[in-house]
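Single-letter residue listing:
There are 2 protein chains.
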Amino acid sequence: MAARILDGVAVAQQIRSEMAARAAEFTRRAGRRAALQIVLVGDKADSQIYVNSKMKSAADEGMKATLSHLPASATLGEILRLVETLNADPEVDGILVQAPLPQSFGSTAIQQVFDSIDPAKDVDGVTPLNVGRLVQNRAALVACTPAGIVELLERSQIDIAGKHAVVIGRSDIVGKPVSLLLLHHHATITVCHSRTKDLASVAASADILVPALGRPGFVRRAFVKPGATVIDVGINLVTDRNVAYGLFHENHPRRGLFDRKGSVLVGDVHPEVEEVAGAMTRVPGGVGPLTIAMLMANTIKAAESRAKST
Amino acid sequence: MAARILDGVAVAQQIRSEMAARAAEFTRRAGRRAALQIVLVGDKADSQIYVNSKMKSAADEGMKATLSHLPASATLGEILRLVETLNADPEVDGILVQAPLPQSFGSTAIQQVFDSIDPAKDVDGVTPLNVGRLVQNRAALVACTPAGIVELLERSQIDIAGKHAVVIGRSDIVGKPVSLLLLHHHATITVCHSRTKDLASVAASADILVPALGRPGFVRRAFVKPGATVIDVGINLVTDRNVAYGLFHENHPRRGLFDRKGSVLVGDVHPEVEEVAGAMTRVPGGVGPLTIAMLMANTIKAAESRAKST
Numbered sequence: 001m002a003a004r005i006l007d008g009v010a011v012a013q014q015i016r017s018e019m020a021a022r023a024a025e026f027t028r029r030a031g032r033r034a035a036l037q038i039v040l041v042g043d044k045a046d047s048q049i050y051v052n053s054k055m056k057s058a059a060d061e062g063m064k065a066t067l068s069h070l071p072a073s074a075t076l077g078e079i080l081r082l083v084e085t086l087n088a089d090p091e092v093d094g095i096l097v098q099a100p101l102p103q104s105f106g107s108t109a110i111q112q113v114f115d116s117i118d119p120a121k122d123v124d125g126v127t128p129l130n131v132g133r134l135v136q137n138r139a140a141l142v143a144c145t146p147a148g149i150v151e152l153l154e155r156s157q158i159d160i161a162g163k164h165a166v167v168i169g170r171s172d173i174v175g176k177p178v179s180l181l182l183l184h185h186h187a188t189i190t191v192c193h194s195r196t197k198d199l200a201s202v203a204a205s206a207d208i209l210v211p212a213l214g215r216p217g218f219v220r221r222a223f224v225k226p227g228a229t230v231i232d233v234g235i236n237l238v239t240d241r242n243v244a245y246g247l248f249h250e251n252h253p254r255r256g257l258f259d260r261k262g263s264v265l266v267g268d269v270h271p272e273v274e275e276v277a278g279a280m281t282r283v284p285g286g287v288g289p290l291t292i293a294m295l296m297a298n299t300i301k302a303a304e305s306r307a308k309s310t
Numbered sequence: 001m002a003a004r005i006l007d008g009v010a011v012a013q014q015i016r017s018e019m020a021a022r023a024a025e026f027t028r029r030a031g032r033r034a035a036l037q038i039v040l041v042g043d044k045a046d047s048q049i050y051v052n053s054k055m056k057s058a059a060d061e062g063m064k065a066t067l068s069h070l071p072a073s074a075t076l077g078e079i080l081r082l083v084e085t086l087n088a089d090p091e092v093d094g095i096l097v098q099a100p101l102p103q104s105f106g107s108t109a110i111q112q113v114f115d116s117i118d119p120a121k122d123v124d125g126v127t128p129l130n131v132g133r134l135v136q137n138r139a140a141l142v143a144c145t146p147a148g149i150v151e152l153l154e155r156s157q158i159d160i161a162g163k164h165a166v167v168i169g170r171s172d173i174v175g176k177p178v179s180l181l182l183l184h185h186h187a188t189i190t191v192c193h194s195r196t197k198d199l200a201s202v203a204a205s206a207d208i209l210v211p212a213l214g215r216p217g218f219v220r221r222a223f224v225k226p227g228a229t230v231i232d233v234g235i236n237l238v239t240d241r242n243v244a245y246g247l248f249h250e251n252h253p254r255r256g257l258f259d260r261k262g263s264v265l266v267g268d269v270h271p272e273v274e275e276v277a278g279a280m281t282r283v284p285g286g287v288g289p290l291t292i293a294m295l296m297a298n299t300i301k302a303a304e305s306r307a308k309s310t
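The listed protein sequences derive, respectively, from chains A and B. Using this note's numbering, you'd call the opening residue of the first sequence number 1 and step up by one each time. Using this note's numbering, you'd call the opening residue of the second sequence number 1 and step up by one each time.
You may find that some hints are simply not true.
Identical chains share a label here; the pair holds if one copy fits it or two copies do between them.
To be verified - Only pairs whose alpha carbons sit at most 20 Å apart, straight line, appear in this in silico SDA-like list of lysine to any residue:
#1 197 x 222
#2 301 x 24
#3 64 x 24
#4 197 x 184
#5 197 x 160
#6 64 x 198
#7 301 x 104
#8 225 x 205
#9 197 x 186
Derived from the structure by calculation, the hints contain no laboratory data.
Please take these sequences and the hints and turn them into a complete structure.
This is how it looks when you write it as C-alpha cells:
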C-alpha cells in the first residue's frame, strides 16, 4: 500500500494564514507591522534563495521584512556591530542571521554571531539561552525546522506520545532540538548518527523516523518498519545522473525533471520508501515549507511578547 | 558471572585528589581559596546531609565552603536577593542552591532561583545558558551527576563511542543532560520514560544502561543485556520491609542492615542484575560520590576561569 503523503505545503499554508491574522491584529494594536530583519553575508546562491523565500513569506503575511546584505568581505566585527544595532532597535522584532557565513570566517564565527543576538529576538532559536530553555521544556522561540516537524505531525493527527521516534543526525539545528521536542511530546527517542552500529535496524524500530543527515536517498526500504511515519528533513541538490537515476525509475516524472534541468532536489529518503511507510513527506513540499511557516510564527510570537513586556 | 563493580568511591577520590592539587595551585596564584557558596532553604533532612557532604568535600580539597542557611519561612525575594549578592561578590566562585525548595514555594520557584545565578558561577549547571551550551557541546559547567557518570565510564575504560546507551528518565537534572553528554561522546542514545512501551526490551538493547527514575529495584534481570554496563543513578531510601526483603535475599548483608536500622538506601537497579551485567555501580558507593567530585571540579574550573577573565 502506498504511504499517505503528508502535504507540507498545505499545512504550512494553514499556519501562515493563522499568522497573517495574528500579524494583522498586531499591526492594529501596535500601530506598526511585526518586523523580521534578515542578515545575509556573501552571495551563496542557495542562501539567497532561502532568504528570498523568507522575505516573501513575511511580506505575504503582513509583516515587515528587511534584508541587511553584507559583502563576503565584511568583518566579523561588522556583523556583530550590525546585530547589536538590530538588538537595540525597538522596531525590530526578529533577527535571523542566515547560515552559513562565507568559509573565510572559519567555523566558530557563526556561533559567535548567534550568541550576540538578543534572545527575545532570536526567531531562529539559535542562542544558547533559548536552546537551554528548550531542554527545560519552556522555550518561547524554538528552531524553525524542529518546531515545523512537530507541528506537521500534530496537524496531520499522527500521535507522538508513547511512540518510538528515531532521529538520524545530531546537528544543533535539527537532530538535537527535534529529539528534545519529540521527547517533550512523550515519545521515546533514539538519536542515531555516523557512529551508530546497524543503523538500518535501529531505524526500522521507529514508529516515527526523522532522517536529517543530508545524504540523498540514504534511507531505503530496509530502514523503515511497515506503516511507520517518515519525516524527511534532508534537502540535497543532486547533479549526478547516476544518483538521480538510482532514485527515480525510468518513468518517474522527477527523472524527467532531472533530464531537462540537469539537477533535482531530493531528500534523505529513497522514493521506494513510499511503498512501505504508513505516512511520509516528500522533498520538496515536505518539511521545507514548514520551516518558513514556523519562522513566521516565531516572528509574530516575538513581536507580541516584546509588545507585552514594554 | 558476577559483574565487575565500578567503584564510585575510588574514582571520586582520584578526581578529588586531582582537584585538591588544582585548588592548591589556585590558592597560590590567586592569594585566596577557590570559594563555593551553598544556599540551603529550610530543614529537609536529606538536603542537609547532601549539603554537609559537599561542604566537607570542598574543605577537604582546600577550597573555602560557606553555607547560607535560610529558614523555610524565607521569601522568594530574599533568596533572589541573596543570589544577587553572591553573584556580585568577587570572592565567590561557585553558587549552588540546594534543591528542592520547601513545598510552600511552589513548583516554579526553584527554576526562577536557578535562572538568577550568574552562569560563570553556576557550578551545578542549572542555568538555561549553561544547559544550552551543553546541547551545543561547548559547556564549561555541566550538571554534576551527568558529568560524573561520563567521568566514571571513561576512568573505568568503558567505551562509549559507537555504543547504544539507554537512559531511563528524562529529568532536567539527570536524564536529559546525561543523554546529551553520551551523544557527544558518540553513543547512540535512547531516552525512555513513563510513557515508553515495552521498557524492559528497550532497556535490554542497551550496551550502557543508565536508570535514573527513582524507583527502588525497578530494573530487573530482564532489563539487562548480558555483559552490559549498568550505571544506577537512583538513590531511594527504603523503609518498607517488603520492598527491602524483595531486594535483598535472606543472607544479604544489606538485609541485615535494614533489620537493624529500619531503612536501607538502594538504587533503581535490583541486586540480581549483578548476575547478568558486565559492569555496574552499586548504591551507595556508585554515582553519588562522583556527583560531589564533579561539584569540586566545577568549582575549581569556575574559579580558574573567573581568575583568567578578570
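Consistency of the hints with the structure:
no., hint, in the structure
1, 197 x 222, "within (15 Å within a copy, 23 Å between copies)"
2, 301 x 24, "within (13 Å within a copy, 50 Å between copies)"
3, 64 x 24, "within (11 Å within a copy, 58 Å between copies)"
4, 197 x 184, "between (26 Å within a copy, 16 Å between copies)"
5, 197 x 160, "between (25 Å within a copy, 12 Å between copies)"
6, 64 x 198, "neither (48 Å within a copy, 50 Å between copies)"
7, 301 x 104, "neither (34 Å within a copy, 33 Å between copies)"
8, 225 x 205, "both (6 Å within a copy, 18 Å between copies)"
9, 197 x 186, "between (25 Å within a copy, 11 Å between copies)"
The structure shown violates the earlier hints numbered 6, 7.
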